[in-house]
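Student: So you can see what is in the structure, the chains are spelled out below.
2 protein chains.
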Amino acid sequence: MCHMSIEQEILDRIKPDNSYRTLVDETVFQVMEAVRREIEGSGLEIEVLLVGSVAKDTYIPAPDIDIFMMFPETTPRKELERRGLELGRKVLGGEERYAEHPYIRGLVNGLGVDLVPCYAIADTSRMRSAVDRTPFHTEFVKSHLSEGQKDQVRLLKRFMKGIGVYGAEARVEGFSGYLTELLVLRYGDFRSVLEAATQWSYATTLYLEQRGETDFDSPLVFYDPVDLDRNVASALSTDCFALFIQASREYLEREREEFFFPRTREPLSMPEIRRMMEERGTSPVIVRMARPGLTDDNLFPQVKKTLEGILSLLRGGDFEVLDSTWYVDDDTAFALELKAHRLPVAMMHAGPPVWIEHSERFLEKWRTGGLSRPFIRNGRWMVMARREHPDAKELLSSDLDQSSLGSGFRKMEGLSVQEGIEVFTESNRRALSALLDKRKNWEV
Amino acid sequence: MCHMSIEQEILDRIKPDNSYRTLVDETVFQVMEAVRREIEGSGLEIEVLLVGSVAKDTYIPAPDIDIFMMFPETTPRKELERRGLELGRKVLGGEERYAEHPYIRGLVNGLGVDLVPCYAIADTSRMRSAVDRTPFHTEFVKSHLSEGQKDQVRLLKRFMKGIGVYGAEARVEGFSGYLTELLVLRYGDFRSVLEAATQWSYATTLYLEQRGETDFDSPLVFYDPVDLDRNVASALSTDCFALFIQASREYLEREREEFFFPRTREPLSMPEIRRMMEERGTSPVIVRMARPGLTDDNLFPQVKKTLEGILSLLRGGDFEVLDSTWYVDDDTAFALELKAHRLPVAMMHAGPPVWIEHSERFLEKWRTGGLSRPFIRNGRWMVMARREHPDAKELLSSDLDQSSLGSGFRKMEGLSVQEGIEVFTESNRRALSALLDKRKNWEV
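For the protein sequence lines, the chains are A and B, in the order given. Counted from 1, the first sequence has number 14 at position 14 by our numbering; the numbering is strictly sequential. Counting from 1 along the second sequence, just add 444 to a position and that's the residue number in our numbering.
I should point out that these hints are in silico values taken from the structure, not numbers from a laboratory. Virtual Cβ for every residue (Gly too), placed ideally from N, Cα, C. Be a bit skeptical, because a hint or two may be false.
[What the hints assert, rightly or not] Pairs of lysine to aspartate or glutamate residues, derived as EDC-like cross-links and limited to a Cα-Cα distance of at most 16 Å, are as follows: (1) B/Lys-884 <-> B/Asp-595; (2) B/Lys-459 <-> B/Glu-523; (3) B/Lys-783 <-> A/Glu-320; (4) B/Lys-783 <-> A/Asp-318; (5) A/Lys-339 <-> B/Glu-701; (6) A/Lys-339 <-> B/Asp-762; (7) B/Lys-783 <-> A/Asp-391; (8) A/Lys-339 <-> B/Glu-764; (9) A/Lys-339 <-> A/Glu-419; (10) B/Lys-605 <-> B/Glu-701.
[What the hints assert, rightly or not] Stretch by stretch, here's where chain B covers chain A in the computed footprint (C-beta under 8 Å, at least three residues): (11) 277 to 289; (12) 349 to 356; (13) 372 to 383.
Let the hints inform the model, and build the full structure from the sequences given.
Tutor: Shown next as structure tokens:
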């Protein structure tokens, strides 16, 4: 069977071989031993636990090694954080990161290792932070996933990575590792997950043995078998959900390696970008700001919020934005496609109905200074008023600071705004390409 | 008192003097006698009745003389119409007109005379056509309006004429003569009507002795004292209603002759029109069609319907129309002010959500030929599509016949469309001036 062979071929590439396994296992052993040694000397009662895809044996290279340091429930939160970071720093050197609470990330034998403090709890009802759930997830998958299904999870992860929907982090808003495992548990194997996905629609609701009772407004709901009040797919965006459905359809119709390993793709060339924009007759706008010094998980939500702020400023200024995206590199670029970046000076301004008493105030205000006298239309006062910012660049340059931006962008460091033909420079190439290139990862 | 003197002055100008009264009375006598002579010879039992403002002595020059020929209720409708027109034609020569049913209009001694066939009914519950009510209106006003109030009605009519809200006909959609009489009966005199109007708001409801029970969605409701199921102000547009309120406010603040007799006003000059448009940066469009051979009462509703058809075509084509008007002269001109008359070729075209089964059809259709590949946005398929008509003139020239136009305009005889600077010709001057000149009649 043709599809078996391609999936086998992919599996041969992604399944860790013996030497890789040995490297991972030894690294895990080494770090856990080091943590235990530190604990021994400190008099703390901390359990050290390997969790995540390495513990579950569902990882594909290169995995994050997640090691949890489980503190007694009686430990005050502040102390847990302080002690946890201290231990992590001693073992890994590494840098401090934040998820819901801080942890230490380091590199050991070329592998990423996260040392995360959490509470040792008896069940999830006693949970005090999101990470407390992870050991239960690990335990659940280890005890439910069959040996053969582990490879099916690997295939699904690689497929999702290939099409660009793998990872619950803010940059992707896709499927988490745990969600891929639950999907394989729910449907049996890789292909069955894809076949099921072609039948999904918005708000498809899944569970294993038991359905939860909470309602979620999400494209996909998967009740967490270890905590029925939680939707495992809560971070999944509608677009990643839809993209997975579409990729499943197309893969099942014609399986190709590119779904797992897309070809590297050059950004569109500047002449191509220019030709496309000119054919469309629309107006490009590029807004650039310095990249704030933040980790990805903190940066991307702020980038998105800032883009929303830019869009709402433009829309409030009567500009129609057809499409928009962002591109983060050395700095942050927001690429926008407007129906027009220049509007007529005149705009219709509606006042109160004539029969309202304070309508006289509108008349007073607009007796002079408008581009027409006040006049009546459908019983209301109207006037042709002068637009404050008929140009998009002018509006953005002057009023962006009044928009709701991500906190890292509020100072608008390094702000520059370009519009029309002035955007066609090499430094804007990747941002413009991100805007215009609508090829999916698996497409040529 | 200053205001008394101006109102007295106006009254001196508009109140018919003795020689004018004699002319009117003699004309009435002459026509009624002629009708009676015709009836005598015919063996018909028809009563001849003077109705309207001449009968009520509330007219201002030059009045329409309304003479009703009241047929027995037993007369079949067809016969009433045939006989009525025949009689009218014999007496007046004149031309046939339609209100709800046909009548004859002619000119006698330089005065307009309407000869209208109707049914002689005992009360309004037996009414068979709208004109059957008129004799009751005439009778009601004659028996209720005091001698002094007749002049107050004359002032109110002249005021409304001056500001442009007098007449229930389609061209104006203003206050009928009967409504002005009821307003004077309701409030006492001319100034009291204006003072009351400054306190009106949308859906103000008035009546004399008794309120009707029917609800009307009208800016003004005045229950007809001779038929409580009818709103006398049903033809009044919101704009005429609002304009009367505003004129009342301003007149009471500073009475001036111009409210009754506005100065004749030249249309804006072409350089002035051009200067205004250029200052605004908006795009003018002129659509012209031949004027259908119809009476005003039939023409104007069709003109309005046609303007609506033009607007809906433009809006459907993504053009934003800021303002519009029409001007009927030798032909019919529609003057429009657009945000822009040229749009970019590209437009965002939304398809179905990805998870809908038939979304594949959208993909098939747009796989090629669009200005982008199909892509996913908020779970929906989208594509940058090519706009069929990026130019307003092109859209109007090509698709106006598919719009809902007034019947007299459906053949689009003599259609011409101009946009941008090509509209600035002397033949468009009056139409453009009607669009741009927002001065109220009483303003300088």
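Student: For each hint, tell me whether it holds in the structure or not.
Tutor: A quick look at each hint next to the structure:
1. B/Lys-884 <-> B/Asp-595: Violated. B/Lys-884 to B/Asp-595 sits at ~25 Å, over the 16 Å cutoff.
2. B/Lys-459 <-> B/Glu-523: With Cα atoms ~40 Å apart, B/Lys-459 and B/Glu-523 exceed 16 Å; violated.
3. B/Lys-783 <-> A/Glu-320: Between B/Lys-783 and A/Glu-320 the Cα gap is close to 12 Å, so the pair holds against 16 Å.
4. B/Lys-783 <-> A/Asp-318: holds, 11 Å
5. A/Lys-339 <-> B/Glu-701: Roughly 50 Å separates the two Cα atoms, so the pair is violated.
6. A/Lys-339 <-> B/Asp-762: Holds, because 11 Å separates the two Cα atoms, which is no more than 16 Å.
7. B/Lys-783 <-> A/Asp-391: Measuring from Cα to Cα gives roughly 14 Å; hence the hint holds.
8. A/Lys-339 <-> B/Glu-764: Holds: A/Lys-339 and B/Glu-764 sit about 12 Å apart, inside 16 Å.
9. A/Lys-339 <-> A/Glu-419: holds, 12 Å
10. B/Lys-605 <-> B/Glu-701: Between B/Lys-605 and B/Glu-701 the Cα gap is close to 12 Å, so the pair holds against 16 Å.
11. 277 to 289: holds (count 5)
12. 349 to 356: That given contact holds, which follows from 4 residues of the region 349 to 356 of chain A lying within Cβ reach (below 8 Å) of chain B.
13. 372 to 383: Contact hint for the region 372 to 383 of chain A vs chain B: holds, 9 residues under 8 Å.
The structure is inconsistent with the numbered hints 1, 2 and 5, although it conforms to all the rest.
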